[in-house]
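S.K.: Next come the chains, spelled out residue by residue.
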Amino acid sequence: GAVVSQHPSRVICKSGTSVKIECRSLDFQATTMFWYRQFPKQSLMLMATSNEGSKATYEQGVEKDKFLINHASLTLSTLTVTSAHPEDSSFYICSASLGENSPLHFGNGTRLTVT
Amino acid sequence: QKEVEQDPGPLSVPEGAIVSLNCTYSNSAFQYFMWYRQYSRKGPELLMYTYSSGNKEDGRFTAQVDKSSKYISLFIRDSQPSDSATYLCAMGGRSGAGSYQLTFGKGTKLSVIP
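Going down the list, the protein sequences come from chains W and H. Under our numbering, the first residue of the first sequence is numbered 1, with each subsequent residue one higher. Under our numbering, the first residue of the second sequence is numbered 1, with each subsequent residue one higher.
None of these hints come from the bench; they were simulated from the model. We put the CB at the ideal spot given by N, CA and C, even for glycine. It is possible that some hints are incorrect.
Pair by pair, the computed Cβ-Cβ distance ranges are [claimed, not checked]:
{"no.": "1", "chain 1": "W", "residue 1": "Asp-27", "chain 2": "H", "residue 2": "Pro-14", "range": "30 to 40 angstroms"}
{"no.": "2", "chain 1": "H", "residue 1": "Ser-68", "chain 2": "W", "residue 2": "Lys-41", "range": "28 to 38 angstroms"}
{"no.": "3", "chain 1": "W", "residue 1": "Thr-17", "chain 2": "H", "residue 2": "Ser-20", "range": "20 to 30 angstroms"}
With these hints in hand, go ahead and build the complete structure from the sequences.
M.R.: What follows is the structure, encoded as structure tokens:
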């Protein structure tokens, strides 16, 4: 149980374009999902908390207009990287849990390369 | 002092060895503890989850928590080459402001040599 699916696994795009990443909880409903970014040989950095039916909560230093999050249903959250630049190239991972005191379950990540 | 400290390694052991991975933490508000395994270019996979001091065993894996010393460990018995990955500790609980908080260690890269 507690499977989180993330799509696409890999995307290459040109500078200036936008990229949408989907995160789905396959066998449970998630009122909250989390978006992380991971640089090579670094730990996970929380970008934002996605709340179903309301606005996302962004961590300090994360531009909300650049990283648009939509959590339209209890099983789907999307992250859109707008006007992507090469410095946005990174590994983006979503996660969700069954509840506040439950562990996070992660998707398999999306490797974004902006050329 | 960082909230969670984890030796990044790399740690290299021969196949069959017992592996010990450790994290220390400073925030006494952390109430539950997790270990994740992350293969290259993949998302982290939950290995162990515990919320009390003591040991929890699952197959070749044992998670140990010592809340009094603010120290957690993951032991891997009879290590296999397939255990080669980065291992992340994570800790969760309520912050002083009452908000829910989850903090990850930087991860330890493990290589098990055949």
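S.K.: Next, verify each hint and record whether it holds.
M.R.: These are the hints, each one checked on the structure:
1. Against the hinted window of 30 to 40 angstroms, the Cβ-Cβ separation of W/Asp-27 and H/Pro-14 comes to about 39 angstroms, which satisfies the hint.
2. A beta carbon spacing of about 32 angstroms between H/Ser-68 and W/Lys-41 agrees with the range 28 to 38 angstroms that was offered as a hint.
3. The given range of 20 to 30 angstroms is broken by W/Thr-17 and H/Ser-20, whose C-beta atoms sit roughly 46 angstroms from each other.
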